[in-house]
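Use these hints to put chain H onto chain D, whose structure you have.
2 protein chains.
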Amino acid sequence: MKALQEKIEKEGVILSETVLKVNSFLNHQIDPFLMQEIGKEFAKRFQKDGITKILTLESSGIAPSLMTALELNVPLVFARKKKSLTLNEGVLTAKVYSFTKQEENEITVSGEFLHKDDRVLVIDDFLANGQAALGLIDIVREAGAEFVGLGIVIEKVFQNGGQMLREKGIRIESLAPIRSLENGAVSFAKEEELVR
Amino acid sequence: MKALQEKIEKEGVILSETVLKVNSFLNHQIDPFLMQEIGKEFAKRFQKDGITKILTLESSGIAPSLMTALELNVPLVFARKKKSLTLNEGVLTAKVYSFTKQEENEITVSGEFLHKDDRVLVIDDFLANGQAALGLIDIVREAGAEFVGLGIVIEKVFQNGGQMLREKGIRIESLAPIRSLENGAVSFAKEEELVR
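Protein chains in written order, with this note's numbering: chain D, 1 to 196; chain H, 1 to 196.
Some hints here could point you the wrong way.
List time: in silico DSSO-like cross-link candidates among lysine-lysine, alpha-carbon distance up to 30 angstroms [stated by the list, open to error]:
1. K81/H / K7/D
2. K81/D / K116/H
3. K82/D / K7/H
4. K101/D / K10/H
5. K40/D / K7/H
6. K7/H / K81/D
7. K116/D / K10/H
8. K81/D / K81/H
9. K81/D / K101/H
10. K82/H / K116/H
11. K101/H / K95/D
12. K81/H / K116/D
13. K10/H / K21/D
14. K81/H / K21/D
15. K95/H / K81/D
16. K82/D / K116/H
Please keep in mind that the hints were generated in silico from the structure rather than gathered at the bench.
Just chain D, same shape as in the assembly (with noise of 0.2 angstroms):
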């Protein structure tokens, strides 16, 4: 996605070989227009795909994932990083490790959310080593409901989490995958060469 990807050439903060900080438009500060922009693609991509539902995980996942539910016209849900005192029975869990925070996660969804006949889009921020798209999508099917494909903001391609979920047959959309950020500067793959 073009605007997404000139974005992140002009604002991204390359802290190191493997982090990207997009602080100023997307984890932080958010720009609305570019989440918009980020909607109408997803929706673009999944307009077919008969999605009643959208999943993400808080806080970063809200934002392209609210702008896509208003395109697509459907609820969104976000999951939990850790239980709240006031969800209680039929919650759904999954444990999610972060590389970047170096804990254990638990992320909860409120089973009432998620039904048998949804059709689940789960959209996150970042992809890079894929845990928490593995914690989400385990979610999805502990409801019952049927797991459709997966948006991504941005892909480190360079980590495993996206040839690993495409060899498990996964769909990811992926709208800014990232070759490399090696020698200070932002590579882009293109989508069609990602493993399929």
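Below, chain H alone, put in the same frame as chain D:
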């Protein structure tokens, strides 16, 4: 705001005389069209205030804030509830005690996204004891920016936050001020009745 108050009456779950669960459209599952209406309403109320930035708190503040940001054509910043490993120098912080979760969080905003010339609208999903709002306003002032007003989706008028803040001269736009949750029913206050 009529559509919001009707949604609360229809889908809100009264857990006790002080706890209202709105997980089906605001705090866990999100209704994107209602968020769009909320965004339009906040934007209308703050249209003439020269807002340059919206500040909210993860996670439930993000959706209504994003739609308001889109309408007002400004960026949104969400405060984080604990320090992130990739936030470093120039971090603005405030301590916020959550009565619901019975824990104190440090909320943080990177100083690079709030400037002295910013005019900031603070938005949050709930106003109860006012601790989160106070923390967010502290952060705006710590940045040297101008705090313009507070937009609240649901105010629990029977708790003391709104009164405490209004007595400090803070402007609050409260879309669904709830007078009481007694006897298993939601009773709304009229906005003009709220202490100024």
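Now for the hints, and whether the structure bears them out:
1. K81/H / K7/D: Distance ~26 angstroms between K81/H and K7/D Cα, so the pair holds.
2. K81/D / K116/H: violated, 34 angstroms
3. K82/D / K7/H: OK: K82/D and K7/H at ~27 angstroms, within 30 angstroms.
4. K101/D / K10/H: violated, 39 angstroms
5. K40/D / K7/H: holds, 27 angstroms
6. K7/H / K81/D: OK: K7/H and K81/D at ~26 angstroms, within 30 angstroms.
7. K116/D / K10/H: Given that 30 angstroms is the threshold and the Cα spacing comes to 24 angstroms, the pair holds.
8. K81/D / K81/H: holds, 12 angstroms
9. K81/D / K101/H: holds, 14 angstroms
10. K82/H / K116/H: Measuring from Cα to Cα gives roughly 24 angstroms; hence the hint holds.
11. K101/H / K95/D: Roughly 21 angstroms between the alpha carbons, so the hint for K101/H and K95/D holds.
12. K81/H / K116/D: Between K81/H and K116/D the Cα gap is close to 34 angstroms, so the pair fails against 30 angstroms, i.e. violated.
13. K10/H / K21/D: violated, 42 angstroms
14. K81/H / K21/D: holds, 18 angstroms
15. K95/H / K81/D: holds, 20 angstroms
16. K82/D / K116/H: This hinted pair is violated, its Cα atoms lying about 35 angstroms apart.
In this structure, the earlier hints numbered 2, 4, 12, 13, 16 are contradicted, and the remaining ones agree with it.
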